[in-house]
Amino acid sequence: MELKVYGHRASQPSRAIMIFCKANNIEFEEVTIDLSKGQHKSPEYKEINPMGQVPAIIHGELQLFESHAILTYLASAFPGVADHWYPTDLVKRAKIHSVLDWHHSNLRRGSAPYIFNARLAPVFGLPLNPQAAAEAEKILISSLSTIESFWLQDSGTFLLGGNQPSIADLSLVCEIMQLELLDENERNRFLGPYKKVQQWIENTKNAINPQFDEMHGALYQLSAKMGKQ
Amino acid sequence: MMKLKVYADRMSQPSRAVIIFCKVNGIDFEEVRIDVSKRQQLSPEFKEINPMGKVPAIVDGRFKLFESHAILIYLACVFPGVADHWYPADLFKRVKIQSVLDWHHSNLRRGAATYVFNTTLAPASGLPLNPQAAAEAEKVLSSSLSKIESFWLKGSGRFLLGGNQPTIADLSLVCEIMQLEVLDEYDRSRIIAPYKKVQQWIEDTRQATRPHFDEVHKILFKAKARLQKQRSVGENIETQSSFKTTLTSKM
Numbered sequence: 006m007e008l009k010v011y012g013h014r015a016s017q018p019s020r021a022i023m024i025f026c027k028a029n030n031i032e033f034e035e036v037t038i039d040l041s042k043g044q045h046k047s048p049e050y051k052e053i054n055p056m057g058q059v060p061a062i063i064h065g066e067l068q069l070f071e072s073h074a075i076l077t078y079l080a081s082a083f084p085g086v087a088d089h090w091y092p093t094d095l096v097k098r099a100k101i102h103s104v105l106d107w108h109h110s111n112l113r114r115g116s117a118p119y120i121f122n123a124r125l126a127p128v129f130g131l132p133l134n135p136q137a138a139a140e141a142e143k144i145l146i147s148s149l150s151t152i153e154s155f156w157l158q159d160s161g162t163f164l165l166g167g168n169q170p171s172i173a174d175l176s177l178v179c180e181i182m183q184l185e186l187l188d189e190n191e192r193n194r195f196l197g198p199y200k201k202v203q204q205w206i207e208n209t210k211n212a213i214n215p216q217f218d219e220m221h222g223a224l225y226q227l228s229a230k231m232g233k234q
Numbered sequence: 012m013m014k015l016k017v018y019a020d021r022m023s024q025p026s027r028a029v030i031i032f033c034k035v036n037g038i039d040f041e042e043v044r045i046d047v048s049k050r051q052q053l054s055p056e057f058k059e060i061n062p063m064g065k066v067p068a069i070v071d072g073r074f075k076l077f078e079s080h081a082i083l084i085y086l087a088c089v090f091p092g093v094a095d096h097w098y099p100a101d102l103f104k105r106v107k108i109q110s111v112l113d114w115h116h117s118n119l120r121r122g123a124a125t126y127v128f129n130t131t132l133a134p135a136s137g138l139p140l141n142p143q144a145a146a147e148a149e150k151v152l153s154s155s156l157s158k159i160e161s162f163w164l165k166g167s168g169r170f171l172l173g174g175n176q177p178t179i180a181d182l183s184l185v186c187e188i189m190q191l192e193v194l195d196e197y198d199r200s201r202i203i204a205p206y207k208k209v210q211q212w213i214e215d216t217r218q219a220t221r222p223h224f225d226e227v228h229k230i231l232f233k234a235k236a237r238l239q240k241q242r243s244v245g246e247n248i249e250t251q252s253s254f255k256t257t258l259t260s261k262m
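One line per chain: the protein sequences are Y and C, in this order. The numbering of the first sequence is my numbering, which starts it at 6 and goes up by one. The numbering of the second sequence is my numbering, which starts it at 12 and goes up by one.
Bound-form chain C, shown alone (with noise of 0.2 Å):
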């Protein structure tokens, strides 16, 4: 039987929600890189796998699928090995979780990703930094941040939605805020700080998954450390090249 495959790019917040979620289950998959930063989803082989030409998309046997909450879902009903703590069998802790995910898109996501991409991303994909789009997004991720606060976190268990084991929807969503480890530190600190439960949850989420979260999330701070170093020698980070050289061979 053919293994499952798994196209994704480890920068890819819902990539690595998926990548997480196949080696916390044992799910055995094929990861089958795709870069983001070189526009490999937009060549013509990808596009056979996705014509949206987007990071995470799967193959299992002759199924392809894209969009990573549907493939949270198949994988948790397809895989036997998963516990029912990723997605209950019971109706209503179930569609309780569909809920979340449906209001990522719209909330979380969209700010989270504008925000980064706008202040911090967009020149690996050759883009340049726009901070109005920036600024609007910024107040996109604060209210989503803060309704995560006061609302999805408000039940007595460790997890979204008042549960005392992560579901899909934790993974999705924390993935999303580990993003902001890219941005400049003072940033990330004063979006973040005022939300503790957020931050324990983000803690909870992580030591749940260890040490697959961890591994999986090492790209994310290599780049952040390299983005680090680019401010701290006062570099113009909006180049492309300087962007991709190691800081070791400038020095």
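Excised from the complex, chain Y in its bound form (with noise of 0.2 Å):
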């Protein structure tokens, strides 16, 4: 049965599911949305997403969107999935869905308008919006700032004191990776002051190379792209 996943490397929550599926072994066939483009809106797409929005899958008769839950479903639904990326330890469980639904609200919240409305609008034809993005601003560290004194808090490598990575480790790593589009300095100024942070991401990284860096080269480009403009 085939697996469609439908996205753009320079998604967060789609790099999140393509690199799972590549660490996983889990075969699939990417179908890119140019966003730029707008072609999540087009009729068609919206057949396969009618909130318009990547990423989604299409497996059988199923056709699912919201990252979080794909990354449960194919933790779930594929049998050679270890253990550690969604335990089926009720409690270890648990947490793991709470700190992706404390992401929604907070580190997502934070970092994407923030990185949209300081950077990346133009590329959409749309007006950089600093007052949106001052706001957005406050919420990112202050998700940092939770990520590195409670999330990160136990002896573990990887949230909620794990010493293997999780589907959160992944959805949220993959959110922070985005401000690769912002200059150095800029990045630097957010990710400074969070030591751990700054281990958990190379932690996340080690525990799921060469996956990891080749499905982020995209945002490397096209932040190079950017900073040429």
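No wet-lab data here; the hints were simulated from the structure. Since this is a predicted model, take the numbers as computed values, not measurements. No residue lacks a Cβ here, since even glycine has one placed at the ideal position from N, Cα and C. Just to be clear, a hint being listed does not mean it is correct.
Taking CB as the label site, the calculated pair distances span [claimed, not checked]:
id, chain 1, residue 1, chain 2, residue 2, range
1, Y, Q169, C, S200, 14 to 24 Å
2, Y, K143, C, L53, 11 to 21 Å
3, Y, D218, C, Q176, 44 to 54 Å
4, Y, N134, C, R201, 23 to 33 Å
5, C, Q239, Y, P84, 53 to 63 Å
6, C, R201, Y, A137, 26 to 36 Å
7, C, P91, Y, S81, 19 to 29 Å
8, Y, A229, C, K49, 46 to 56 Å
9, Y, E32, C, R221, 47 to 57 Å
10, C, G37, Y, V96, 20 to 30 Å
11, C, Q143, Y, S150, 25 to 35 Å
12, C, E147, Y, E32, 37 to 47 Å
13, Y, E66, C, C88, 23 to 33 Å
With the Cβ distance kept under 10 Å, some of the chain C side facing chain Y (calculated, not the full set) [said to hold, decoys possible]:
id, residue
14, F57
15, I60
16, M63
17, S79
18, Q109
19, W114
Covered stretches of chain Y (chain C as the covering partner; in silico rule of three or more C-beta atoms under 8 Å from a C-beta of chain C) [as the list claims (entries may be wrong)]:
id, segment
20, 78 to 89
21, 204 to 215
Put the two chains together into one complex, using the hints given.
This is how it looks when you write it as structure tokens:
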């Protein structure tokens, strides 16, 4: 049964899905939806995901969107996936759900609008919005601080005191990687104070390489192109 | 064995969802009231339970958990008496429920809670109303209701995702929409009127979880009555003290 992943490598949650598949030897067909050309709003794509957002998957009769739901589906449906990604232990699993839920209204809500309104909007033909960027920046900084002091507080190498990565590490680190679209000074301004966060990003990359770096190639290219403008 | 503790404020939409879920499923628990209007969620004692300072949160034995969707999923899996329809074992159904719960954060929750706060409830927390934030939130709220009407309620069943019985997603989203009850009646009707399926679904969810749904929503309806009286006698609701004082003492 064929798995199709609709997404774009410049999209944080799309990368999380595709890296997860590659790291777990899950075969899939990558269908690129070009956001800068508005393909996510086309009638054809809205048949796949009426919300007009990436990522989305089709697997047999299942059509699914929302990256966290997709990650839990893939971790559960494919037998080769190691337990640490989405443990069967209910307590560990519940904690993973809680950080994935927290992510929506915190890291995601700060990071994505900040980068869009401070840097990325022109790629979509839209103006920058310094006021929206300023509001998002507060949420981003507060979220990084919470990851440093709470989600990484235990002695483990990953979120929630884990010694191996879970889908939560993959989702949140892919979000933070989007800061690569900012110039280096700005990126250091955000990440500099948070030593545990920096180490955790490295740990996650190391645990999932070479797939992690390979999937982020498009992001680095986009960053270089924007840097030249 | 230690009883499950649920830290909640019944004025909080996700708190109500967790409490109703426990009652409907006969889950034995102790409800610990955390009064958000008195800022109790920011106390050092409560921050031991949930460092984010938000309700709801649970303690099950030594295990602490926050985020209502994570709590609902955990309770549905760990308590054997919970009927399958709440969070089915079937993987396809389960992940679809997760997708609407995920969608909820940035859509219905974001629109509804922000709109209600900035038009009505902010003074109860000592904050000013914010018409601009309310106007932006209303767009998100209306768009979300529209998506529920046209997509999430598209199937042949009475509940989200075409189901014939409620899931944790129905409970979570309906409790969110119930918060609109505290709005000025004209506003509330204006916002919800276009969505017939949504209105029916709210009623179906209420019926499927009675009498607990109504019982747990009592405090919200008391707040609604208080606010309606204040509006009808033209009181200024921007002062915290007038919001909290009962009307009989002023008459």
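Do the hints match the structure? See the list:
Take Q169/Y and S200/C: their Cβ atoms lie about 53 Å apart, and the range 14 to 24 Å is violated. Roughly 18 Å separates the CB atoms of K143/Y and L53/C, a value that falls within the hinted 11 to 21 Å. Checking the proposed 44 to 54 Å range against D218/Y and Q176/C shows it holds: the Cβ atoms sit about 46 Å from each other. Separation of N134/Y from R201/C is about 29 Å and conforms to the stated range, judged on CB atoms against 23 to 33 Å.
For the hinted restraint 53 to 63 Å between Q239/C and P84/Y, the CB-CB distance of approximately 57 Å keeps it satisfied. Evaluation of the 26 to 36 Å hint for R201/C and A137/Y yields a pass: the beta carbon distance comes to about 27 Å. Take P91/C and S81/Y: their Cβ atoms lie about 21 Å apart, and the range 19 to 29 Å holds. A hinted range of 46 to 56 Å holds for the C-beta pair A229/Y and K49/C, which are about 53 Å apart.
About 48 Å separates the C-beta atoms of E32/Y and R221/C, a value consistent with the hinted range of 47 to 57 Å. Between G37/C and V96/Y the CB atoms are about 22 Å apart, so this pair conforms to the stated range of 20 to 30 Å. A hinted range of 25 to 35 Å for the beta carbons of Q143/C and S150/Y is consistent with their spacing of about 28 Å. In this structure the hint that E147/C and E32/Y lie 37 to 47 Å apart at CB holds, the actual value being about 43 Å.
In this structure the hint that E66/Y and C88/C lie 23 to 33 Å apart at CB holds, the actual value being about 25 Å. With 10 Å as the threshold, the beta carbon of F57/C stays out of range of chain Y, its nearest partner Cβ sitting at about 15 Å, so the hint is violated. Nearest Cβ of chain Y to the Cβ of I60/C: about 13 Å, over the 10 Å cut. The hint is violated. This hint holds: M63/C has a C-beta 7 Å from the nearest C-beta of chain Y, less than the 10 Å allowed.
At a threshold of 10 Å, the smallest CB-CB gap from S79/C to chain Y is about 8 Å, leaving the interface hint in force. Checking Q109/C against chain Y: minimum C-beta separation of about 4 Å stays under 10 Å; hint holds. For W114/C, the suggested interface contact is upheld, since its CB lies about 6 Å from the closest CB of chain Y, less than 10 Å. Coverage of the segment 78 to 89 of chain Y by chain C holds in this model, with 3 residues showing a Cβ closer than 8 Å to a Cβ of that chain against a need of three.
Figure legend: the segment 204 to 215 of chain Y, annotated as covered by chain C; annotation inconsistent (0 residues with Cβ-Cβ distances under 8 Å, at least 3 required).
Violation of the numbered hints given earlier is confined to hints 1, 14, 15 and 21; the remaining hints are satisfied by the structure.
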